[in-house]
Amino acid sequence: MPKPRNRSELTIPSRTEALARVRRFVRRKALRMGFTEEAVDQIVIAVDEACSNIIRHAYGGDPAQQIQIVVDTYPDRLEITLSDQGRRFDPSTYREPDPQKLARSGQRGGLGLLLMRRLMDEIQYDYRDEFNIVRLIKYL
Amino acid sequence: MSQFSVSFRQHNGVDILELRGELDAHTASELEAAFERLLQEGRCRVVINCAELSYISSAGLGVFMAYVEEMRSRGGDIKFCHMSPKIYNIFDLLGFPLLYDILPTETEAIARFSSHAQTSQSE
Chain R
1 MPKPRNRSEL
11 TIPSRTEALA
21 RVRRFVRRKA
31 LRMGFTEEAV
41 DQIVIAVDEA
51 CSNIIRHAYG
61 GDPAQQIQIV
71 VDTYPDRLEI
81 TLSDQGRRFD
91 PSTYREPDPQ
101 KLARSGQRGG
111 LGLLLMRRLM
121 DEIQYDYRDE
131 FNIVRLIKYL
Chain P
1 MSQFSVSFRQ
11 HNGVDILELR
21 GELDAHTASE
31 LEAAFERLLQ
41 EGRCRVVINC
51 AELSYISSAG
61 LGVFMAYVEE
71 MRSRGGDIKF
81 CHMSPKIYNI
91 FDLLGFPLLY
101 DILPTETEAI
111 ARFSSHAQTS
121 QSE
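Chains as they are written, first to last, in the numbering used here: chain R, 1 to 140; chain P, 1 to 123.
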């Protein structure tokens with residue numbers, strides 16, 4: 001696999017206070033790569049959702065944990081890789097919810113992963129050395 | 001840190017909540033507190049003015065999802081206005097414009113409550 005043109009890293013505590021910092025970090029990188037404003041918004045929300053899921057589900061709200069965010073830029077795409085050491089996520093167990101059914105039932109959860117899938121071009125999951133690794137990819 | 005605030009106004013028996021800033025998993029609890037306050041006071045006709053709302057994630061959407069049915073079961077609703085294309089796109093991506101009333105202006109959103117009341121009375 002070719003090396004990225006550029007790599008940036010950010011490590012945050014698993015606290016929702018840190019989400020705004022993540023959004024600013026990812027927005028800067030995506031804008032610099034030449035994505036449209038609409039595509040930048042989509043990338044930012046997807047990364048926010050990924051971090052929020054880690055904080056809430058993988059770490060169960062434990063604020064003492066960490067999330068590493070690596071942004072790699074390639075000539076044709078942006079890849080954002082998030083790593084955590086929380087509860088293992090098995091993507092094969094995921095069933096895409098019907099957002100309208102969720103809304104009608106008054107449930108508030110379940111939309112984060114759906115949004116990520118609709119906003120990004122590719123999502124890859126891996127579990128290596130006790131790390132959950134999720135990679136979000138958007139093509140220029 | 002995310003900047004977010006909710007301010008309240010009333011007009012013709014409708015509560016108007018003006019949202020400012022970024023509504024995410026960190027700030028969603030402020031919106032939740034606002035809805036709890038309205039329910040405790042028995043107020044269920046709500047217009048969300050999104051003119052100054054610059055960001056929303058699923059955590060913010062989840063608050064509306066959690067409260068809209070409660071408001072409707074009490075004869076009210078949550079309606080939205082002044083939604084920027086950026087915010088509307090997220091609602092649209094999930095098919096929410098079919099479930100929620102989204103109006104261009106606050107006046108139209110408030111008027112929708114009286115038109116619904118008249119329709120109910122004549123039925």
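Incorrect hints may have been included.
Stretch-level coverage of chain R by chain P, calculated; a stretch enters the list once three of its residues show a Cβ under 8 angstroms from a Cβ in chain P [stated by the list, open to error]:
(1) 70-78
(2) 110-120
To give a feel for the contact side, a few chain P residues facing chain R, derived at Cβ under 8 angstroms [as the list claims (entries may be wrong)]:
(3) Ser57
(4) Glu69
(5) Met71
Now the in silico label distances, taken between C-beta atoms and shown as ranges [unchecked claim]:
(6) R/Glu38 / P/Ser7: 34 to 42 angstroms
(7) R/Glu9 / P/His11: 32 to 40 angstroms
(8) P/Ser114 / R/Arg87: 30 to 38 angstroms
To be clear, the hints were calculated from the coordinates, so they are not data collected in a lab. Each residue gets a CB set at the ideal place from its N, CA and C atoms; glycine is no exception.
Taking the hints in turn, this is what the structure says about them:
no., hint, verdict
1, 70-78, "violated (count 0)"
2, 110-120, "holds (count 6)"
3, Ser57, "holds, 5 angstroms"
4, Glu69, "holds, 5 angstroms"
5, Met71, "violated, 11 angstroms"
6, R/Glu38 / P/Ser7: 34 to 42 angstroms, "violated, 29 angstroms"
7, R/Glu9 / P/His11: 32 to 40 angstroms, "violated, 49 angstroms"
8, P/Ser114 / R/Arg87: 30 to 38 angstroms, "violated, 50 angstroms"
Comparing the model with each numbered hint stated earlier shows that hints 1, 5, 6, 7 and 8 do not hold.
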